[in-house]
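All chains should be modelled from the sequences, with the hints used to inform the complete structure.
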Amino acid sequence: MLDNNQLLRFTTAGSVDDGKSTLIGRLLFDSKSIFEDQLEAIENTSKQKGHDGVDLALFTDGLRDEREQGITIDVAYRYFTTPKRKFIIADTPGHIQYTRNMVTGASTANAAIILVDARHGVIEQTKRHAFIASLLQIPHVIVCINKMDLVDFSEEAYNTVISQFEEFSSKLLVKDVRFIPISALLGDNVVNRSKNMDWYQGAPLLHTLETMHISSDINKVDARFPVQTVLRPQSEEFRDYRGYAGRMASGVLRKNDEITVMPSGFTSKIKSIDTFSGEAEEAFAPMSISITLEDDIDISRGDMIVRSNNKPEALQDIEVMLCWLNNSPAKPRAKYTIKHTSNEQKAMIKEVLYKIDINTLNRSSDDTEMSMNDISKVRIRTTKPLMVDSYRENRTTGSIILIDDATNETVAAGMIV
Amino acid sequence: MSKYYLNYLDELESEAIFVLREVWAQFQNPVILFSGGKDSIVVTHLARKAFHPSKIPFALMHVDTGHNFPETIKFRDDLIDNFGVRLIVGSVQESIDQGRVAEEKGKNATRNALQITTLLDAIEENKVDCAIGGGRRDEEKARAKERFFSHRDDFGQWDPKNQRPELWNLFNGKHFEGEHFRVFPISNWTEMDVWNYIKRENIQIPSLYFAHEREVVWRSNSWIPNSEFLKLDEGEEVVTKKIRFRTLGDITITGGIESDADTVEKIAQEVAAMRQTERGNRSDDKRSETAMEDRKKQGYF
Chain A
1 MLDNNQLLRF
11 TTAGSVDDGK
21 STLIGRLLFD
31 SKSIFEDQLE
41 AIENTSKQKG
51 HDGVDLALFT
61 DGLRDEREQG
71 ITIDVAYRYF
81 TTPKRKFIIA
91 DTPGHIQYTR
101 NMVTGASTAN
111 AAIILVDARH
121 GVIEQTKRHA
131 FIASLLQIPH
141 VIVCINKMDL
151 VDFSEEAYNT
161 VISQFEEFSS
171 KLLVKDVRFI
181 PISALLGDNV
191 VNRSKNMDWY
201 QGAPLLHTLE
211 TMHISSDINK
221 VDARFPVQTV
231 LRPQSEEFRD
241 YRGYAGRMAS
251 GVLRKNDEIT
261 VMPSGFTSKI
271 KSIDTFSGEA
281 EEAFAPMSIS
291 ITLEDDIDIS
301 RGDMIVRSNN
311 KPEALQDIEV
321 MLCWLNNSPA
331 KPRAKYTIKH
341 TSNEQKAMIK
351 EVLYKIDINT
361 LNRSSDDTEM
371 SMNDISKVRI
381 RTTKPLMVDS
391 YRENRTTGSI
401 ILIDDATNET
411 VAAGMIV
Chain B
1 MSKYYLNYLD
11 ELESEAIFVL
21 REVWAQFQNP
31 VILFSGGKDS
41 IVVTHLARKA
51 FHPSKIPFAL
61 MHVDTGHNFP
71 ETIKFRDDLI
81 DNFGVRLIVG
91 SVQESIDQGR
101 VAEEKGKNAT
111 RNALQITTLL
121 DAIEENKVDC
131 AIGGGRRDEE
141 KARAKERFFS
151 HRDDFGQWDP
161 KNQRPELWNL
171 FNGKHFEGEH
181 FRVFPISNWT
191 EMDVWNYIKR
201 ENIQIPSLYF
211 AHEREVVWRS
221 NSWIPNSEFL
231 KLDEGEEVVT
241 KKIRFRTLGD
251 ITITGGIESD
261 ADTVEKIAQE
271 VAAMRQTERG
281 NRSDDKRSET
291 AMEDRKKQGY
301 F
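The listed protein sequences correspond, in order, to chains A and B. Just so it is clear: in the first sequence, position 86 is 86 by this note's numbering, and no numbers are missing. Just so it is clear: in the second sequence, position 235 is 235 by this note's numbering, and no numbers are missing.
There could be a bad hint or two in this list.
As the list claims (entries may be wrong) - Below, simulated DSSO-like cross-link-like pairs (lysine-lysine); rule was C-alpha separation at most 30 Å, straight line:
(1) B:Lys297 with B:Lys174
(2) B:Lys199 with A:Lys32
(3) A:Lys220 with A:Lys255
(4) A:Lys175 with B:Lys3
(5) A:Lys271 with B:Lys161
(6) A:Lys255 with A:Lys271
(7) B:Lys174 with B:Lys161
(8) A:Lys335 with B:Lys174
(9) B:Lys3 with A:Lys271
(10) A:Lys47 with A:Lys32
(11) B:Lys297 with A:Lys47
(12) A:Lys346 with B:Lys161
(13) A:Lys32 with B:Lys242
Quick caveat, the hints were computed from the structure, so don't treat them as lab data. Source: prediction; values computed, not measured.
See the structure below:
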């Protein structure tokens with residue numbers, strides 16, 4: 001692997017019937033990421049279950065219950081590497097009750113693979129996946145039209161799915177959509193170009209994943225540095241050192257930049273950007289660094305260092321698209337802990353504006369109860385201001401989670417509108 | 001292409017440093033679970049980077065089964081001295097002497113499962129609320145579903161079906177008294193990534209990882225080292241081979257592979273060409289299809 005190779009995270013959504021597990025198995029197998037002892041284990045299980053040949057889908061089974069019931073319960077992470085990139089797959093189950101898992105997998109993804117069965121075209125589940133990809137602002141969406149072998153590799157079937165998808169997705173916010181006709185079972189257009197579909201001029205799936213431009217997926221314009229912790233070494237050599245440690249959420253900061261600390265509003269200049277290997281001239285997302293300032297100001301975890309000429313909003317009332325993740329429904333006007341970057345406050349859901357039916361995209365303002373997997377637009381009030389950007393502009397400073405103080409569980413995830 | 005992007009190793013490193021700093025900020029008394037294996041060594045190295053120029057603010061916790069490679073213990077003690085960190089040792093032998101656990105019986109008896117009790121006792125005695133581990137999701141199928149911040153109830157147990165959702169980089173380490181977290185900063189690294197990082201950062205690792213001559217016995221498809229704990233079966237024969245270890249665990253269960261790789265470069269090349277997973281030589285994972293899941297639920301590393 002080369003030193004400048006990047007990391008691409010993608011999510012796959014689909015049910016067993018779409019051939020999702022087969023597709024992942026195929027990607028891992030053809031990129032030689034399945035080891036012999038793993039393959040042996042799958043071969044044995046395939047035989048026990050009476051399958052013909054090796055069932056690549058078995059590779060993605062994890063927990064005991066999943067193996068026994070033949071279903072996927074939770075997000076599973078898989079890894080493979082090619083000479084061009086390292087890949088992390090967030091493999092999420094596609095059933096309606098698992099919106100929570102799809103949202104989780106989507107939250108850090110650069111790309112989403114949405115599987116469509118060429119015989120059935122766009123179905124409700126496809127729409128649900130596309131909606132979540134758009135809600136979570138996954139920068140790239142790849143629609144894989146699978147099982148082309150079962151429709152005689154017909155270009156017409158492929159085009160039908162494209163027009164169905166485009167009709168639906170015109171209502172969504174997806175920036176980059178591509179369509180690839182594949183057969184995960186036979187391997188057509190997954191790693192190797194299909195010999196059965198000369199009419200398709202585009203690249204196979206793996207080549208697409210290896211070459212798509214992802215450097216711009218992170219906001220490089222708005223410099224945001226949430227302070228995680230303060231480094232104060234108790235040593236002779238660094239007696240007066242006071243470093244603000246954190247990871248760049250977005251944008252670029254340079255030595256000598258005029259900065260403002262939020263929410264206090266104090267201003268100063270960047271004296272140094274430090275890493276273990278020495279000083280850096282500049283820092284960009286997602287680098288972990290520590291910063292020292294020219295002036296001695298009181299800064300602690302939860303504060304945000306930004307460039308003085310480009311500040312986020314400091315808000316106590318925010319509107320959020322909220323996905324409910326917990327078995328117990330939201331309690332009206334209940335208080336929660338809200339986490340936003342390194343900041344933590346108390347918060348109250350003041351009002352549910354509407355709930356979205358994720359199959360039809362219809363909004364309902366009559367039914368405002370929030371149960372597991374519901375997605376609603378809500379208004380939240382926090383005890384102190386949060387330094388926020390809209391999620392559409394900044395996935396890091398635009399996202400929040402809610403924690404129930406009674407159970408300590410993470411009960412909801414939100415995207416700031 | 002814009003110059004503002006990180007390569008995959010820098011991105012993994014930055015993610016791990018972020019996670020370690022979150023641990024420091026969210027917990028009262030975190031420790032690094034240190035086995036002397038390459039993964040916990042890499043985590044310790046990352047902790048040094050995360051808090052520089054401060055010292056590593058975590059103690060290292062080692063669960064000592066008494067069945068160690070002598071090289072591992074020496075390496076551990078040198079590292080403690082170098083980094084100036086505190087060491088906490090949980091002793092399986094003491095747990096046995098106190099009657100907390102009983103030695104396994106039979107031919108394949110090991111102290112692997114016994115470590116769970118010692119580990120949980122050490123966590124409780126030292127009031128540890130977060131144990132940082134070198135676990136990776138690519139290691140094993142149950143680990144593929146593990147969170148970065150993984151909750152353990154007051155019995156130290158993992159409930160895989162009731163894990164907290166983990167979105168973006170918003171980690172929730174809230175817990176009640178008596179509960180603790182396991183945190184895995186290198187969750188997203190593969191074995192290959194670890195070796196490439198060790199190579200790039202020039203990280204010191206125990207000599208056991210490099211090819212060396214050793215007395216071994218062929219058992220369950222790998223070369224088990226001869227030691228005072230090894231009982232020979234009929235037909236088994238001690239031979240001398242040039243081997244190295246891909247993972248390090250107890251001397252009784254860690255199998256070596258024949259190899260000539262005596263530098264990190266050669267190891268990285270060898271690993272890239274391997275057709276077996278690294279845990280393929282660990283007899284603790286071979287006991288059943290869900291051996292790791294079952295141990296993890298009880299509180300294993």
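Checked hints:
{"no.": "1", "hint": "B:Lys297 with B:Lys174", "verdict": "holds, 20 Å"}
{"no.": "2", "hint": "B:Lys199 with A:Lys32", "verdict": "holds, 23 Å"}
{"no.": "3", "hint": "A:Lys220 with A:Lys255", "verdict": "holds, 17 Å"}
{"no.": "4", "hint": "A:Lys175 with B:Lys3", "verdict": "holds, 23 Å"}
{"no.": "5", "hint": "A:Lys271 with B:Lys161", "verdict": "violated, 48 Å"}
{"no.": "6", "hint": "A:Lys255 with A:Lys271", "verdict": "holds, 6 Å"}
{"no.": "7", "hint": "B:Lys174 with B:Lys161", "verdict": "holds, 19 Å"}
{"no.": "8", "hint": "A:Lys335 with B:Lys174", "verdict": "holds, 16 Å"}
{"no.": "9", "hint": "B:Lys3 with A:Lys271", "verdict": "holds, 23 Å"}
{"no.": "10", "hint": "A:Lys47 with A:Lys32", "verdict": "holds, 22 Å"}
{"no.": "11", "hint": "B:Lys297 with A:Lys47", "verdict": "holds, 29 Å"}
{"no.": "12", "hint": "A:Lys346 with B:Lys161", "verdict": "holds, 28 Å"}
{"no.": "13", "hint": "A:Lys32 with B:Lys242", "verdict": "holds, 28 Å"}
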